[in-house]
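One point on numbering: in the working numbering, the residue at position 77 of the sequence shown is 80, and numbering is uninterrupted.
Don't read these hints as lab results, they were simulated from the structure.
Treat the hints with care, since some could be wrong.
Said to hold, decoys possible - SDA-like, lysine to any residue: derived pairs with alpha carbons at most 20 Å apart:
id, residue 1, residue 2
1, 64, 5
2, 62, 94
3, 64, 116
4, 49, 107
5, 38, 9
6, 50, 35
7, 39, 20
8, 137, 75
9, 140, 124
10, 107, 86
11, 38, 5
12, 140, 94
13, 50, 33
14, 38, 86
15, 62, 110
16, 62, 8
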Amino acid sequence: MGGHGALTIYLRESSFRSASAFAPICHPTLAPWGKKAFEGYFADAKKGEEHDATLLLSKLKLDKKEREVNILIDCGTADQFYEQKQLLPEAFERTAREAGYEEKQVQVRLQEGYDHSYYFISTFAPEHVHWHAKFLKA
4 MGGHGALTIY LRESSFRSAS AFAPICHPTL APWGKKAFEG YFADAKKGEE HDATLLLSKL
64 KLDKKEREVN ILIDCGTADQ FYEQKQLLPE AFERTAREAG YEEKQVQVRL QEGYDHSYYF
124 ISTFAPEHVH WHAKFLKA
């Protein structure tokens, strides 16, 4: 499932209070991996749009489904997949701002020098746990 799956499930299911992800593929309909995967799954990448976290975030606001949105994404700037434009966290963040979500609602953090490794996740995992805990106490 990975980070993209966590984001899409959160955006589709309103019973969750928060979501976070490490280096997710944020906009698969624009990413080479996502296009290839959606063509394989659906025989048409266009059909993958309903499974694209960035598009789901935009649609959530357009559908006027007023709900609390709490998303935290971390991505390392030295991540080879980030460098290859597979992850596209900036697109997710841009869409969030255009949809009117504030930084406290949708946080996309680019972590300088971190790659796609255990050390990246182990460094920031405690922050993700504490971040989710805020919403579980609400």
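The hints, checked one at a time:
| no. | hint | verdict |
| --- | --- | --- |
| 1 | 64 to 5 | violated, 24 Å |
| 2 | 62 to 94 | holds, 14 Å |
| 3 | 64 to 116 | violated, 33 Å |
| 4 | 49 to 107 | violated, 31 Å |
| 5 | 38 to 9 | holds, 19 Å |
| 6 | 50 to 35 | holds, 15 Å |
| 7 | 39 to 20 | violated, 31 Å |
| 8 | 137 to 75 | holds, 12 Å |
| 9 | 140 to 124 | violated, 24 Å |
| 10 | 107 to 86 | violated, 26 Å |
| 11 | 38 to 5 | holds, 17 Å |
| 12 | 140 to 94 | violated, 30 Å |
| 13 | 50 to 33 | holds, 13 Å |
| 14 | 38 to 86 | holds, 17 Å |
| 15 | 62 to 110 | holds, 18 Å |
| 16 | 62 to 8 | holds, 17 Å |
Violated hints for the displayed structure, listed by number in ascending order: 1, 3, 4, 7, 9, 10 and 12.
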